[in-house]
Each structure stands twice: as C-alpha cells, then as structure tokens.
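Protein chains in written order, with this note's numbering: chain A, 27 to 159; chain B, 24 to 133.
Hints are not guaranteed to be accurate.
To be verified - Reference excerpt, derived from the structure (chain A facing chain B, CB under 10 Å, subset only):
1. 75
2. 76
3. 90
4. 95
5. 97
6. 98
7. 123
8. 125
9. 127
10. 128
Note that these hints are calculated values from the structure, not bench results. No experiment lies behind these values; they were computed from the predicted model shown. Note that the Cβ used here is the ideal one computed from N, Cα and C, for glycine as well.
Spelled out from the first residue to the last, the chains are:
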Amino acid sequence: MTSYRTPRSRAAGLGSAKHGVGHWIAERVTSVALVPLSLWAVFAALRIAPLGYEQAVLWLQNPINTTLAVLFAGLSFYHMGLGMQVVIEDYIHRRSTLITLLLLNAFVWFGVGTAAIVAILKVAVVTQVGVLL
Amino acid sequence: MLSSILHRASGVALYAGALILAGWAICLAVGPECYAGYMALLGGPLGKLVLLGLTAAIFYHTANGIRHLVWDAGRGFDPKFADLTAIVVIAFTVAATAATWIIAVMTGGL
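Please model the entire structure based on the sequences and the hints provided.
Here's what the structure looks like:
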C-alpha cells in the first residue's frame with residue numbers, strides 16, 4: 027500500500043486528529059436512518075396540523091408515534107450538529123470565532139435536542155387529557 | 024454546483040426547522056395555552072411561509088442526500104448522469120412539496 031505521508035511527518039508522528047472518519051461515518055449512518063424518518067415526519071406534520079391540543083397529545087401518546095418522534099428528534103439533532111460543524115469549519119477561519127461557533131453549535135444541538143426528547147417523553151408519559159380512568 | 028450549495032442551504036434551513044419542531048414539542052409539554060399560541064404562530068402568514076420553505080428543504084435535502092450516499096458508494100460520478108439526477112431531485116422536491124400542501128389543504132391542516 028502506497029503511503030502519501032512524507033518521511034518527516036512519519037518521524038514526527040503528527041497525523042490527522044484521528045476522529046474525522048468517525049464524524050464522516052456518523053453523518054452517513056444517521057442520514058440513512060433519516061431518509062424514512064423524514065418522510066414520516068412530513069406525514070406526521072400533516073396528521074397533526076388540523077388537531078387541537080388534546081388530540082395532539084393523544085397522537086403523540088401512541089407508542090409508535092412516541093418512538094418515531096424520539097428517533098427523529100435524536101437523529102436529526104445529531105445529524106444537524108455534525109453537518110453544521112463542517113459548515114462552520116469550512117467557512118470560519120478566525121480561530122476565536124471558530125471555537126465560539128463550534129461551542130455554540132455543540133450546546134444548541136445537544137441542549138435543544140435533549141429538551142425536545144424530554145418534552146416528547148413528558149407528553150407521552152405524564153400528560154393526562156380526556157376522560158380520566 | 025447549484026445542487027451542492029442547495030444541499031448546504033437546505034441543511035442549515037432544516038437546523039432552524041428542528042428548533043421550531045423542538046418548540047412545538049416543548050409547547051405541547053407545557054400545556055394548552057402555549058400549544059394554541061404556538062400553533063397560531065405557525066398557522067399565521069409568516070409561519071406558513073416558513074413551513075412551506077421547510078417542506079421544500081426537507082424533501083430536497085432527503086432526495087439529494089440519497090444522491091450523496093450513492094456517490095459515497097463510489098457510483099454515479101458520470102457528469103451526464105449527475106446532471107440528470109440533480110434535475111430529478113429538483114423535480115421531486117417541487118412535486119412532493121406541492122402534493123404535501125395540497126393534502127394539507129384537503130385535510131384541513133391549512
């Protein structure tokens with residue numbers, strides 16, 4: 027196998043940061059899962075649009091809808107975090123701005139994504155509407 | 024060229040869309056008043072415009088994403104074929120977005 031590294035770089039032991047491949051693969055794996063989940067999300071939005079509060083709660087409490095909603099939220103927030111990271115790294119070259127935006131992206135996708143999943147689970151498990159048993 | 028920058032643009036738009044979706048789930052969890060207010064906002068003129076854009080963005084990004092996955096598998100690099108699939112993706116986006124909004128009107132979601 028041909029090595030494209032220079033003898034100096036091999037001797038210095040400086041290569042890539044060794045996590046680019048993981049990032050690349052994670053973006054692809056989530057994208058494969060998001061193809062059917064995105065189509066479901068459009069279908070779900072059409073179902074939810076005419077519903078009022080109580081009906082929307084009951085819709086989300088259906089175990090299949092809860093599962094797909096959590097999967098869609100988790101995978102789309104993860105995927106968009108990975109994608110936005112690449113966009114930031116491609117266009118921002120000033121180091122302090124780069125680090126600030128990368129941190130902001132990490133906090134937004136992980137923080138808001140977690141809040142979304144907690145909200146879905148709260149509706150699914152805690153919220154009570156309609157006739158009480 | 025165009026389809027590449029559109030992939031990024033639609034991806035960034037969907038980032039905002041995911042935040043809107045999170046807001047929807049959070050308002051549903053908070054209670055009826057929050058939910059009614061949020062749905063009224065989404066159902067207003069500006070909300071509808073944003074949702075129309077997001078519908079096109081999710082269809083485009085999903086279809087063009089499949090194109091990227093095929094390239095990642097090492098196939099579909101022939102320029103003529105790549106141009107053809109770019110047109111197919113744009114045609115699909117327009118058709119699927121139109122179909123979605125026609126269904127929304129017919130089912131009372133609009």
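Against the structure, the hints:
1. 75: Since chain B brings a Cβ to about 3 Å from residue 75 (chain A), closer than 10 Å, the hint holds.
2. 76: Where the cut-off is 10 Å and the nearest Cβ of chain B is about 4 Å from residue 76 (chain A), the hint holds.
3. 90: violated (17 Å)
4. 95: holds (8 Å)
5. 97: Violated: closest Cβ of chain B sits about 13 Å from residue 97 (chain A), beyond 10 Å.
6. 98: This hint holds: residue 98 (chain A) lies near chain B, its Cβ roughly 8 Å from the closest one there, short of 10 Å.
7. 123: It is violated, given that the least Cβ distance between residue 123 (chain A) and chain B is near 17 Å, above 10 Å.
8. 125: violated (19 Å)
9. 127: violated (13 Å)
10. 128: Because about 14 Å separates residue 128 (chain A) from the closest Cβ in chain B, which is outside the 10 Å limit, the hint is violated.
Hints 3, 5, 7, 8, 9, 10, counting from the list given before, are not met by this structure.
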